[in-house]
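*Asks:* Protein chains in written order, with this note's numbering: chain A, 244 to 590; chain B, 7 to 162.
I should point out that these hints are in silico values taken from the structure, not numbers from a laboratory. This structure is a prediction, so every number in the text was calculated from the model and none was measured.
25 Å max Cα-Cα, derived SDA-like pairs, lysine to any residue:
| # | chain 1 | residue 1 | chain 2 | residue 2 |
| --- | --- | --- | --- | --- |
| 1 | B | Lys-127 | A | Gly-424 |
| 2 | A | Lys-392 | B | Leu-74 |
| 3 | B | Lys-127 | A | Gly-413 |
| 4 | A | Lys-309 | A | Gly-476 |
| 5 | B | Lys-160 | B | Ser-145 |
| 6 | B | Lys-127 | A | Val-585 |
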Amino acid sequence: MTLLSIDWFFILEKILLISAVLVLSLVVAMYSTWGERKVAAWIQDRLGPNRAGPMGLLQPLADGGKLFFKEEIIPTNSNRFLFILGPSVAMMVACMTSAVIPWGDTLTIAGHPVSLQVADVNIGILFIFGVLSVGVYGIMIGGWASNNKYSLLASVRAASQIISYELPMGLALIALLMLTGTLSLKEIVEQQRHDYWNVVYQPLGFFIFLVTAFAETNRAPFDLPEAENELNGGYHLEYSSMKLGFYLFAEYINMFVSSALMATMYFGGYAFPGMDSLGVSPNLLTILGFLALFVKILVFIFFFMWVRWTVPRFRYDQLMRLGWRVMIPLALANMLITGAVVLARQH
Amino acid sequence: MVLSVIALVSALGVVLSKNPVTSVLCLIVTFFTIAGHYIMLNAQFLAVVHIIVYAGAIMVLFLYVMMLMNLNAELEPQKRNWLKYAGAISGGALLVVLVAALRDASMPAISTEASEMGLIKNLGQLLFTQYVVPFEVSSILFLSAMVGAVVIGKKD
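With the rest of the complex left out, here is chain B:
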């Protein structure tokens, strides 16, 4: 409960903050609270990997770029009013669609058997037996993204 409140407040902070660095720091807090939720669902592996990958690597690079660009509120170009309205309306429409989609979805309570699923041993066995094809396909996707990054980097 407390965790969810912190998650929501920091997520709002990401959107509402004028200073991009504060925004990024709020996003990091949000990631930590989400990792806390994973731990409460007994998915320790997911929680730690979430922190290592998102909070530890990706957000460091985000912060890095934000600090070097040194953006601030005064330099930000003033947006037109109709843009703001269009953004609000399309965001609201997305919310309506999401609510409509989730309203009928059934949420089965997590059984004790399923809650053991997040432990690393079960997760590894599942990934390499039942879900081995999607797992390998996603790793090939990552490899192609890495090759792409190297190719783009070489042009300069």
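Looking at chain A on its own, in the form it has when it is part of the complex:
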């Protein structure tokens, strides 16, 4: 009986939206590899990839094809099931976060309002935090299942690094939540649409979130789990073919999603200044908002790359000291100050 009363339009809409978001994050991740090499080349005064297609634009396709056709090697003494599970978990978790990000306002297609957000759950930020905290399993399982000392060391590093930096990230988010009073990302964006962006109120919180986002995505200068000169490569040392590709790809998807998060939470998401006084049709406005969000995301991705090719890697004890002795006290202070200001403004 319930079979017939299902809102088929709703299901179709969500399936299309989920596919679109997945394809978007995969394509952006693919072209981030090209962008990374171009940015690196630009910073180091080289040309970068320029053989496959105009300006090397077909390079990611060639790389992907190469990874697919490479011989797949599973070490004899490894745990076969966990060895395959590792990259799968890494990839799946990387794709899951994009579900709660509002990619735009509502579009009206044939009379139906279509929200450009897959799921507007009232615990949006907590959902992201939960997914992030699970993300470390992909690296840990893969590193252990490889049955290799270097891989194990790298996964142990990754685990302690991610747990250490989750704390200041959570504390920075608490300060943001006290200010906005909601956990729904859509509402956070709507508040910023009619007011200043959150980064104006939370500059320190944004800075802490930015630094911890670098640590959580294992990007330089926090890329100790894959420090090639100490660990022969890192947790994906024993991996080959597309399973290695999944690990590398998951890193770029994580970068894309954390850029989207920073743009959404601190830089207004799909809202841009003067949005409501343009006087264009709502559908066009939604598309413009999506483009604005996309530009913000690309700026953050460029920032990630810029830092990678500028700042040298930390030593491990420096990394831990930065996490526990600098980031957590800063985040706590930020939280207390925000709480005091919010309380003072209420009275």
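With chain A's structure known, arrange chain B on it following the hints.
*Replies:* Chain B alone, transformed into the frame defined by chain A:
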């Protein structure tokens, strides 16, 4: 239904698996299925916090220790037979007591009003009005546990 079956199977896997790492991974699957049950009871906050705290933090540390110790079935000492019997009997006795205790307990059906309780707004208001004393007491308990951990860690 499917969720409960997965929960039971993975919980059995925790106990029956010879390899401690597999055991821990089964426990993580169990935690996820329990979080799924919370979501079905409309307690989204509880579900997500459950995943963040148990699956995301505590189990990572468990896995961490298990991986570093590198235990396996051959190194595990053989237990005596009477120990196994004693374990089975005391476990069975616990089961009997639990069944006896739960047999008479009434399980009121969850009303629509109560099912809104798990949403974060209602939960927060309840925690800071009606249940503020137990909430603060438990936070002091956590603080004392943290201080204790620091003191033990400093001795070395």
